[in-house]
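Visitor: Sequence:
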Amino acid sequence: MPELDQIDGWLRERLPGLIAEHRVPAAAVAVSAGGRVVEAAAGVLSAATGVEATTDSIFQIGSVTKVLTATLVMQLVEEGRLDLDAPVSVHLRSVADPRITARRLMSHSAGFEGDVFTDTGKGDDCLERYVELLDTEPRLFEPGAMFSYNNAGFCVLGRIVEVLRGRPYDVCLRERLFEPLGITHAACDPYDAVLHRTAVGHVGGEPVKVWAMARSNAPAGSMLAMRARDLVVFARDHGRVLGAEAAAEMRRPHVTLPDIGWGTAWGLGW
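In my numbering, the protein residues as written are 6 to 275.
Think of the hints as simulated: they come from the structure by calculation, not from any bench.
Be careful, since some hints might not be right.
[To be verified] With beta-carbon atoms standing in for the labels, derived distance ranges:
#1 141 x 245: 39 to 47 Å
#2 95 x 185: 25 to 33 Å
#3 199 x 147: 39 to 47 Å
#4 209 x 124: 18 to 26 Å
#5 194 x 7: 37 to 45 Å
#6 68 x 88: 22 to 30 Å
#7 39 x 98: 46 to 54 Å
Just so it is clear, the structure is predicted and the values come from calculations on it, not from any experiment.
Ideal Cβ placement from N, Cα and C applies to all residues, glycine included.
Work out the full structure: start from the sequences and follow the hints.
Guide: Rendered as structure tokens:
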């Protein structure tokens with residue numbers, strides 16, 4: 006595709022100047038069209054070390070992780086192991102309100118406080134312990150009544166995946182998404198990160214001293230790092246790990262958004 010060749014040239018030419026203009030230490034970009042991927046990288050992964058960013062470098066993807074978490078949940082729906090509209094309490098007794106469902110969690114309409122960043126440790130039980138704390142969090146509105154961005158809700162979803170799969174969340178990511186899609190450059194925790202060419206966060210141009218946030222928030226986006234090309238692979242090949250009907254349900258509008266500049270509606274994870 007001639008247009009993709011033009012994009013390739015533009016990225017390689019412009020990316021170094023763009024990161025300098027916006028005072029970003031490094032960036033990586035990948036674009037897919039017509040079965041091809043073009044990519045570019047520029048800058049340094051850490052201002053302290055000066056290690057150069059490459060197209061194989063991995064960067065934390067933050068809340069894009071929520072789409073992967075939602076995909077793990079929808080796989081369970083496809084298998085008949087989870088009902089989107091059944092009370093979450095069927096699987097998690099610590100989430101007592103019967104009006105809280107997987108659909109409402111994925112569409113940010115469950116109604117409880119979502120900015121809960123309690124660190125419950127680094128062990129495989131951290132999500133279980135985290136979710137047990139949420140029943141004491143304030144209720145902001147009746148479940149299903151409106152939209153309020155909810156990080157904690159995706160941690161509940163991650164815990165549902167753990168319970169129904171009998172495996173830790175990060176293992177489910179690898180087994181259910183990364184391995185089937187051939188994704189090779191991804192880190193679910195700092196121990197994975199040291200195996201890759203990994204970017205660190207910066208504040209005011211200086212590297213931060215902590216690589217990631219708490220593992221207990223991993224399903225919401227506190228940990229996962231990937232290279233740009235592998236994110237493109239996930240988006241392009243989503244149909245290899247999820248059926249068309251379930252994927253369409255994820256993209257269908259479920260909640261109308263207020264005028265906050267985020268778009269007009271929210272799906273399930275998207």
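Visitor: Could you tell me which of the hints above the structure violates, numbers in ascending order?
Guide: Those not satisfied: there are none.
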